[in-house]
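Q: Here is how the chains run, residue by residue.
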Amino acid sequence: MDTLVDILLLAFIAICAIAILRLRDLFAVTMMFGLFSFIAAGLFATMHALDVAFTEAAVGAGIATILILVTLGQTARREKSQAGRNVLLPLLVVWVTGAVLIYGTADLPVFGDPQAPAHLHVAPYYIENTREHIGIPNMVAAVLASYRAYDTLGEVVVVFAAVLGVIALLGLRRRPAGVEARPRDLEEHQVLKVVAKMIVPVILLFALYVQFHGEYSPGGGFQAGVIFAAAIILYALVFGLDTARQVIPPRILGWLPAVGVLIFGCTGVLTQLLGGNYLDYYVLAENPQTAQQLGILMIEIGVGVTVASVMLLIYFIFAERALGTRTDDGEAGR
Amino acid sequence: MSLFAHYNYHLAIILAMIGFYTMISRSNLVKKVIGLNVFQVSVFILFISIGVHEDGTVPILREGYEIYSNPLPHVLILTAIVVGIAVTAVALALVVRIREEYGTVEEDQVQAQDEEPGPT
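Protein chains in written order, with our numbering: chain A, 348 to 681; chain E, 19 to 138.
Some clues are possibly wrong.
Listed next, the stretches of chain A that the computed footprint assigns to chain E, with coverage defined by at least 3 CB atoms under 8 Å from CB atoms of chain E [stated by the list, open to error]:
| hint | stretch |
| --- | --- |
| 1 | 366–380 |
| 2 | 467–474 |
| 3 | 511–517 |
| 4 | 542–548 |
| 5 | 579–589 |
| 6 | 613–625 |
| 7 | 649–661 |
Subject to a maximum C-alpha distance of 25 Å in a straight line, what follows is the list of computed DMTMM-like cross-link-like pairs (lysine to aspartate or glutamate) [unchecked claim]:
| hint | chain 1 | residue 1 | chain 2 | residue 2 |
| --- | --- | --- | --- | --- |
| 8 | E | Lys50 | E | Glu124 |
| 9 | E | Lys50 | A | Asp589 |
| 10 | A | Lys540 | A | Asp460 |
| 11 | E | Lys50 | A | Asp372 |
| 12 | E | Lys50 | E | Glu119 |
| 13 | E | Lys50 | E | Glu133 |
Calculated directly from the structure, the hints in this document are not laboratory data. Here the structure is a predicted model, which means the values were calculated and not measured. Don't be surprised by glycine CBs; every beta carbon is placed ideally from N, CA and C.
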């Protein structure tokens, strides 16, 4: 049964990818991309990766789709015809690369094989020792925030660097004087407003649950951060940018990515000051398991704050930019 | 079953190639970014597939279950998704800036304007 679901989902996802390639209308392409990500999330769930499925659903189907839509609003809605472009060379490159890779899979272990190398080395260590070392059921959170906390620190810094890049490119500048936030079409849809009003609080509550219950059920800072940001972005889409900016004032939001990274980094410094190694949580409390859980809680909060604020900041910068520009559908028509 | 032994890997490679082809054959920059995202998702699928244990379950400890799927690929991909959206955001910011400077997001038109002699 699992195999059948797996095969069907993968077939669907391939169809979506081909549609993304073939369609000319970029708006339709973006919608197909949202669907593509959503099916990918379902696929991850069937492959036992619930934490990944959460993240992919919130990021791929939510935030990425909206960012691409906002970009389309500032560029062109239709792709130019590809006439006159050389298609043979790209096709050749893709077929050769694909053939070599497929040839390579012949040596890979069978899908799900218990004897695959991936299951024989570090994985058993994490699976056998998580209960004793850390005492939390969710192994993904344990590996993410304790065994491999250095990696996670690196990832959080990359996310922070990305928001710096976006600010450097597009600027935090306020909109030009005189440009009012246009009433969006969405604001006139009563149904959307009512439904959004009902589900935004639920999504926010769910984000907090995912954040603070992440050690016991699928969840953690990354997932909670993107779900939280998705809720606020939904609010901004339906009720307008200015209303949403009153919820989290820009002056505070601008500081939060750095605050999250600092919470993470300072947890490491704190363990050093208490006599341990960097991010070695055992010095935080008498009981080793309590110490580990305390450390994980602290850095997950840092991760959550950074991820949520970076996603919101990026969305606000793009959306703010879109107010001042207009789309050029006319000239890009054909 | 044996027919589908490598089905996940093959599909991941096909998706990667579709994303790759979108990136190198289309001139619209937004479409290229979407192609990059398709490629990313294919890598995620490949990694998660490698972590699956056929008798295993979700890697959350629970009484009565002994075998779990490998949690390590989940951790790697979880963070990779968030880093991926950050990369996408920077790429889209570049697209917006290119549109403002050149008035177009088509690669060949940008190229043509760069090659034009005289003041830009």
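Q: Would you mind marking each hint as holding or not holding in the structure?
A: Results for each hint:
no., hint, verdict
1, 366–380, "holds (count 6)"
2, 467–474, "holds (count 4)"
3, 511–517, "holds (count 4)"
4, 542–548, "violated (count 0)"
5, 579–589, "violated (count 0)"
6, 613–625, "violated (count 0)"
7, 649–661, "holds (count 4)"
8, E:Lys50 / E:Glu124, "10 Å, holds"
9, E:Lys50 / A:Asp589, "31 Å, violated"
10, A:Lys540 / A:Asp460, "49 Å, violated"
11, E:Lys50 / A:Asp372, "14 Å, holds"
12, E:Lys50 / E:Glu119, "19 Å, holds"
13, E:Lys50 / E:Glu133, "22 Å, holds"
The structure does not agree with the numbered hints 4, 5, 6, 9 and 10 stated previously, though it agrees with the rest.
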